[in-house]
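Peer 1: Protein chains in written order, with the UniProt record's numbering: chain A, 1 to 458; chain B, 1 to 458.
All the given hints hold, so there is nothing to weed out.
Derived pair list, reagent style DSSO-like, types lysine-lysine, alpha-carbon separation capped at 30 Å:
1. A:K84 x A:K383
2. A:K423 x A:K383
3. B:K173 x B:K446
4. B:K446 x A:K173
5. A:K173 x A:K84
6. B:K84 x B:K423
7. A:K423 x A:K84
8. A:K446 x B:K173
9. A:K317 x A:K268
10. B:K423 x A:K173
11. A:K423 x B:K173
12. A:K446 x B:K446
No lab work stands behind these hints, which were simulated from the structure alone.
Keep in mind that this is a model prediction, so the values were computed, not measured.
Number of protein chains: 2
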Amino acid sequence: MTSLQSTLDALKLHFGDRLSTTEAVREHHGHDMSRQPTRLPDAVVYAENEDEVARVVSACFEAGIPVTPFAAGSSMEGHTIPLKGGISLDLTRMNRIVQVNHEDFDVQVEAGVTRKQLNAHIRDTGLFFPIDPGADASLGGMASTRASGTTAVRYGTMRENVLALRVVTPQGKIITTGRRTKKSSTGYDLTKLYVGAEGTLGVITEVTVRLHPIPETIASAVCAFETMRGAVETVVATIQSGIPVARIEFLDEVAVEAANRHAGLTLKLAPTLFLEFHGSPRWVEEQSNTVREIANEFGGSDFEWSTRTEDRERLWKARHETIYSNQTLRPGCKAFTTDVCVPISRLAEAVLAAREDIDNSFVTGKIIGHVGDGNFHVGYLIKPEIPEELAEAERLAERLYQRAMDMGGTFSGEHGIGISKLKYLRREHGDAVDMMNAIKAAIDPKGIMNPGKLGQVE
Amino acid sequence: MTSLQSTLDALKLHFGDRLSTTEAVREHHGHDMSRQPTRLPDAVVYAENEDEVARVVSACFEAGIPVTPFAAGSSMEGHTIPLKGGISLDLTRMNRIVQVNHEDFDVQVEAGVTRKQLNAHIRDTGLFFPIDPGADASLGGMASTRASGTTAVRYGTMRENVLALRVVTPQGKIITTGRRTKKSSTGYDLTKLYVGAEGTLGVITEVTVRLHPIPETIASAVCAFETMRGAVETVVATIQSGIPVARIEFLDEVAVEAANRHAGLTLKLAPTLFLEFHGSPRWVEEQSNTVREIANEFGGSDFEWSTRTEDRERLWKARHETIYSNQTLRPGCKAFTTDVCVPISRLAEAVLAAREDIDNSFVTGKIIGHVGDGNFHVGYLIKPEIPEELAEAERLAERLYQRAMDMGGTFSGEHGIGISKLKYLRREHGDAVDMMNAIKAAIDPKGIMNPGKLGQVE
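Excised from the complex, chain A in its bound form:
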C-alpha cells in the first residue's frame, strides 16, 4: 500500500486534478454494462496523450500496480472492471481523429474516439465505418474486445477492419503494430494479437481502421415469419446463396414485443428478420428480389421496406434498444445477456434448442441474433438478487455454450471473455490456453495489465 500511495503521489504531481480518488469517479469506473459486481479502482487517471499513458504504465510497472484501461464503459462482460484494484486508466479524453486517408479508405484515431464520433467526422468523405455493436463504444475498446455487430456479415469484425495500432506495452514502451497497407507479410501479426486481448497485453492508444464507401443505395426491410425455423432457414439459405446482405438480424417474438414496447413500433408478434441491402440501385434490387423469393419459400410475409434514412434509422435503433427494453418486459429484472456463434449449417438447430431451453425453464428470455454470421444473443430476464433465478440463468447459459462448442462453434461470438466466461476458456481451447498464458507472461511479466482476466487462466 505504501508503494501504491507513493506512486499515486508521484503521478499526482504530473496529472493534478486528472488523477482522482473520489468515490463518485471511482464508482463510475468500477462497473460496466454487464451484470458483474462493482469493484472500485484505487484511483482513476485521465490521460490526454500516449506519452501520458506510457508515464502511468511505466510507474505502475515499476511498482507492480494493476492498470485497467477504460473508455466508454460499454463492455457486456466486465472487461473494464478493475478486479484487483489499482489504476483505472481513462482514455475518453484521447478522442482526436489523427488522420483521415480518404483516398486509401482508412483512418487513424486515438483510442477514445467513439464510432459515432468517427462517422460524424467523416460524413462528407463518402466513406463510413460500418462496425456497429449497438453501444457508442470507443474504437480502442472495440479493438480490445474484437467487437462486431449487425454489419459484420458484410463488412467483417474488428479483426478484419483494424489495420494497425499504437500500443503502450506493459513496460511502458510505445510501439506500432502493422502498417495501414491492405497487405503485409513482415513478421508476427501483433495487430491481431492485440485485437481481442481485452487490455491484458498493454494499452491501445491509437487505432487505424478500414473505411468503406457509403453505398449508393441502402434499403432496409422487415419480414415476419410463421415459424422460427422458417426465419432461420431463410438466413441460412441466403448466406449459402452467397448474397452479400449488409445486415440480417433475427428477433424472436419476445424480442419483437420488446422492440414494439420500447421503440413504439407496431410489428406483428412473430419471429422476424430485419434486413439491409447495400449497393447500386440495380444490384440492391437484384439482391433483395432473391432474398424475397427465399423468404417466401420459408413462410415469410412480404417485405416491408424502409428506404428513407429516418425510417431506417428508427428501425435499427429499435433493434439496438431491445437490449434496454428488459424493464418493459419484466419490471425490476436485469437481463443476463450472453452470445454464442455456430457454423451456419447448425444455426437453426442451435437457435431452436436455445428457445426450447427457455420454454422449458421457469425463467423467460429473448433471442436476437446477427444470424448471418451464425451469431446470436440470448437474454435471460432474471432478477439477479434471487439466487434461484441467477443459478437457472447460469445453467441455461452453460447448456448454450456447450451446445455451441459441440457444434464446432464458440461460447462467445462478440462479447468477449471478460470475467464470467473465463471458466469456459479451456473447454473450448484446451492446451492452447497454456500458450495464451505463456504469451501473457512474456509480454506482461509482472501481470499488471487488467489482471485476473485473459492470459492468467488455469
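For this one, chain A is given, so just place chain B on it according to the hints.
Peer 2: Relative to the frame of chain A, chain B by itself:
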C-alpha cells in the same frame, strides 16, 4: 553431433525409409524458388500424420535439434532452407482433405494439400478457394507465409481466409487454434499469430480455410495504356470507386514482352492491365462498364474480353508465368524478385519511381503487380554470380523498400521475410521487434523451430 545421431537413430526405428539422409533428398530440401544459397538439412523426415509430426518435434525439442517444415518448396524468400541444418520435416504426404463443410463455405485440410488439389477436390460443390499466389503452394506453407496473390483485392489474403489451425508446438504438443465459425471473441488470436510466423513457432499440420461461391459469371479483360501512369491511375480510381474487381494486375512493357515470349501471347508492348470481374451477369456488366469508362479517361485502349474458360486460363497462366520467363528476356539470368506494398494513394508514385530507378541503372528489370492492393513486384534480371550486378540489385531493392516504408507501406507485401529481408525488419517495426522476439522465446524457448529467421532478430 552425438545427440543428433542418436536422435536420428531413434526416429529411424519408427520412420524407416521415410527418414532419409541421402544427398539427393537433402539437396531437394536445401533450396527453394529464391536466390538464397542451398543449405542441406542433416536429414529429411516424411511425416504422414500429426502424431508423427509431434513425434519428430518432441524428439528434436529433447535434443535441441533444428526443425524446418517443408512442403511445396515454392517460397520466394528462403523460408524452407534449413539455415542451421537439423531435420527438414516434409509434409507433402499429409495431403488429405479432412472435411468439406460446403454449407458453411469452409474446408479443413492437412497442411500438405496444395491449392490446385483443393480446388480440384471441391469442383462439384459450387465453391472455390480463391487465393492464388501463382505457384501450386501447399496450404500450410501459404498460411505460414501469409500468402496472397492476384485475387486478394477481392477475397483477401491468407490472413482473412484462415479460420483455424492445428499446430504442433515446439514442445511437441498438438493444439487447435480458433474455430471455424465466422466470428469468435474467445482469447488471444493464436490463428493469426501462426499465419505469417514462417514456421518459427511450430508446425502447422491442418488448416481450415474459407471457401467462396463460384461466381455465376467471370469475365477477364486486357487493356493496354499509353503510359504507365495512366494504367496505375486507372487502378487507383477503380479501387477508390469501391468497385469490387476480382483481379486487377499491372504489367509493365518488359513484363508484357515476357508474357508474349513465354506464353505465346500477342499483346501490344505497352503498360497493360489484366482485369477480372465476378458476379451475376448484370452486375459484372455494371462493374466492367464503370472500369472501362475510368480506363478511357486515362488513355486505356478498348477492353479485349475473354469470357471462355480456356481463354481466361491462358491469360492468367501467362500472367503467372512471367516469373519463369526471365531466361527468354536475358539468357543465363536469374531474377532477383521482390515485392513491396504501399497505400493505394501512393501507388503511382511508388511504381513510377521503381521504374525510374531501373531505367537509371545498368541492370534491367520488370514490374508486375497486384496493384489493386497497392502491392507490386520488381524482378531485377541479373546474373547473381556477377558481384556488381548482385550489389546493384540489392541497392535498388533497398531503395524500393525504404521508399515503400516512407510512404507508410511495407517492405514485403506477400513474399514474407525469409532470410534476406530479416535485416529490414527493425526498420519497419522498431521496438515491436523486441515483442516478436519475446513471443518466440516464450513459445519456442530452445529456438528449434526454423532457427535463424523470424523471432530471433537483432
